[in-house]
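Engineer: Using the sequences provided together with the hints, build the complete structure.
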Amino acid sequence: MTRPTSNISRRRPGLAVAVLVLGAWQGYNFLGLSEAPKKPPPPTTRHASVVDSLKNPVKTVSETIDDFYKAYPQPPVLPMYRSFLVDFITQTHLTSVDSRFKYDAIFALGMRHYFTGLMGNYDKLVMSEESEKIWKALVTAMGMKPDQVVADAETVASYASSTSPADILKHMEGTEKASESKVGAAFESIRSSLYSITFSMGLFRIMELSGVDVTKANAEEWAKALKIEPPSKVTSDFETYKQNQVKLQKAEEMLREIEIREKKKLAERLEAKAKALAEKAAKKEPEAAAS
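Position one of the sequence shown corresponds to residue 1077 (the numbering used here), numbered consecutively onward.
Some clues are possibly wrong.
Unchecked claim - Pairwise CB distance ranges (calculated):
#: 1; residue 1: P1149; residue 2: V1290; range: 24 to 30 Å
#: 2; residue 1: R1158; residue 2: V1290; range: 26 to 32 Å
#: 3; residue 1: T1192; residue 2: I1334; range: 29 to 35 Å
#: 4; residue 1: N1294; residue 2: E1328; range: 34 to 40 Å
#: 5; residue 1: T1291; residue 2: T1216; range: 33 to 39 Å
#: 6; residue 1: K1178; residue 2: P1133; range: 16 to 22 Å
#: 7; residue 1: K1146; residue 2: I1334; range: 27 to 33 Å
#: 8; residue 1: E1205; residue 2: E1264; range: 33 to 39 Å
#: 9; residue 1: L1154; residue 2: K1356; range: 35 to 41 Å
Derived from the structure by calculation, the hints contain no laboratory data. Beta carbons: idealized from backbone N, C-alpha and C, even for Gly.
Structural biologist: Below is the structure:
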């Protein structure tokens, strides 16, 4: 599919092309006598391999990105957000195609929270409600249902807001049954399925909503309660989470500065326009009096 040049270009590995130029050459022996050119060997016939005829059932990252742009062709995504979206799609795609991956409600919360956190000001910038359209195109491209992901994320968020941290730890450890079955299933399955940073994002969001400080020590405690080995899987994601928060704060500050500058420029243009109209009206008054 050919996308507009304003859209982010697809990252494809370069295609190495080797060109071998065969020509007649003439050598000389030690006596100085000429030697006839050597005849090149006949070309080798390449037979089709069985592997060549098999279709890879696993979708590639490039195909997923293509599907995203098919679902959201216009308007073009703002340049400052394109790399984020491609990284988000790539990261989630590579997680979801892993044979150990199992979708759950906490993963859904991580996806939704991560997306809304970094795309929170998008609609204000483009002056249109585009972020939800982008979300639906992105999730659909990855083979998931946008409405289901949102609903699952809201279910976990509601659970976290209404459950005490002490009870959440008991639910993680399995000593007590979680009040929300989807959350309990997620706590149980993550011990045997693929652990990903997206799940960590969901876990950290549960911390925030339940009133727990998102610290390295608390992240490690929750990792042990979930029996995630080694706990460093969670604590390393914690560092990434904090770095993303700093980046988000800086981006929001930059956006506020841009907004202030634009408002100032608009006020200056309106003031200049009003001044020009006043001067024009002042010139017309003597002309009207003279006539």
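Engineer: Hints first: check each against the structure and report whether it holds.
Structural biologist: Verification of the hints:
1. P1149 - V1290: 24 to 30 Å: violated, 38 Å
2. R1158 - V1290: 26 to 32 Å: holds, 28 Å
3. T1192 - I1334: 29 to 35 Å: violated, 21 Å
4. N1294 - E1328: 34 to 40 Å: violated, 25 Å
5. T1291 - T1216: 33 to 39 Å: Distance hint for T1291, T1216 holds at roughly 36 Å.
6. K1178 - P1133: 16 to 22 Å: holds, 18 Å
7. K1146 - I1334: 27 to 33 Å: For I1334 against K1146, whose Cβ atoms are near 31 Å apart, the range 27 to 33 Å holds.
8. E1205 - E1264: 33 to 39 Å: Given range 33 to 39 Å: holds, Cβ gap about 38 Å.
9. L1154 - K1356: 35 to 41 Å: Hint holds: Cβ distance 39 Å, inside 35 to 41 Å.
Hints 1, 3, 4 from the earlier list are contradicted by this structure; the remaining hints agree with it.
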